[in-house]
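Since the structure of chain A is provided, determine the placement of chain B on it from the hints.
Line by line, the protein sequences give chains A and B. Note that the first sequence ends on residue 161 in the working numbering; no numbers are left out. Note that the second sequence ends on residue 253 in the working numbering; no numbers are left out.
Honestly, I wouldn't trust all of these hints.
Ranges of calculated distance between the beta carbons of each label pair, as one might list FRET restraints [what the hints assert, rightly or not]:
hint: 1; chain 1: A; residue 1: D101; chain 2: B; residue 2: L241; range: 20 to 30 Å
hint: 2; chain 1: A; residue 1: A152; chain 2: B; residue 2: Q222; range: 40 to 50 Å
hint: 3; chain 1: B; residue 1: S111; chain 2: A; residue 2: R54; range: 16 to 26 Å
hint: 4; chain 1: B; residue 1: L164; chain 2: A; residue 2: I40; range: 24 to 34 Å
hint: 5; chain 1: A; residue 1: Q23; chain 2: B; residue 2: D190; range: 47 to 57 Å
hint: 6; chain 1: A; residue 1: D89; chain 2: B; residue 2: D212; range: 30 to 40 Å
hint: 7; chain 1: A; residue 1: D136; chain 2: B; residue 2: S252; range: 20 to 30 Å
hint: 8; chain 1: B; residue 1: P127; chain 2: A; residue 2: A152; range: 45 to 55 Å
hint: 9; chain 1: A; residue 1: D89; chain 2: B; residue 2: G146; range: 44 to 54 Å
Derived from the structure by calculation, the hints contain no laboratory data. Predicted model only: the values in this text are computed from it and were never measured. No residue lacks a Cβ here, since even glycine has one placed at the ideal position from N, Cα and C.
The lines below spell out each chain.
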Amino acid sequence: MEIDFENVRQLMISTIPHMAAVGLDLISLDDSGVVAKIPHRPEFVGDPDTGVVHGGIVTVLLDSLSGMCVVPKLPDGTMVATLDLRIDYLKPALSGQDIYAHAHCYKTTRNIAFTRAIAYQGDIDDPIAHASGSFMMTATDKSVMKPA
Amino acid sequence: MSISDGISAARQNGDLQPLIEAVPYFRWMGLRVDRQGEELITVLPFQDMLIGNPLLPALHGGVTGALLESAAMISLIGAMDTPRLPKIVNITVEYLRPGGALDSFATGIVTKQGRRVASVRAHAWQKDRDKLFAAATTHFLISP
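Only chain A is shown next, with the shape it has when bound in the complex:
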């Protein structure tokens, strides 16, 4: 599927209120996956003693990207609904730093798409969290739900 990157980037924050609220910023989106960041804000702190960001912000980023990385793999008109998302918190986020994530869809079947994602700050090889997700394909137009 051809993607107009700048269009998707703008649409996301202009149409999806929670992505706008957290300032989610799309960096790249193609068949190999999606990368985005949530810029640090003091409101996102979960532990005021350490300044570490709350897991909820990491969850929002990983959930958003895991769903988004499935879309280029699907026929036009197909949507996805999250079945489950597991997040392992690997180490505390550093205070005061933006959080990045990369997600990719490694398998699709007729009904289900499977994803992996990692969240990181400076170094993608030293992630703060790992996510695996499964998504059910749904369609607004039933005619597009043909066997793969």
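Relative to the frame of chain A, chain B by itself:
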């Protein structure tokens, strides 16, 4: 107020609201805690900024995950006897149906509290408590 002060205060008088107020992210989300008997119900009042799917409309899946994680932690703090903030190890969120543009509620059930790790199951609902829109299995580290 620091987190450990908030937890100590909660332990003395059973009121977790000061602890919620001490966490910037909880304040930003507008979370509240209601004590109903032995149970701690985490309340997420609806706001437009929580929407992830404007067509349905439905809550953002990450918001649902954050509510379940917060409720699991709050219920665990209520069940623990040390003034320490549990650290999340992992969470598996099951999305059962879309969360509507409504106030949401969640609570945690401590299924196992060991010396180092606690397992907490969390449930989230809106109008009808018997009709969950999401559930989660979580693990927390409770000693350093």
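Fill in: Numbers of the earlier hints that this structure fails to satisfy, in rising order
Per hint list: zero violations.
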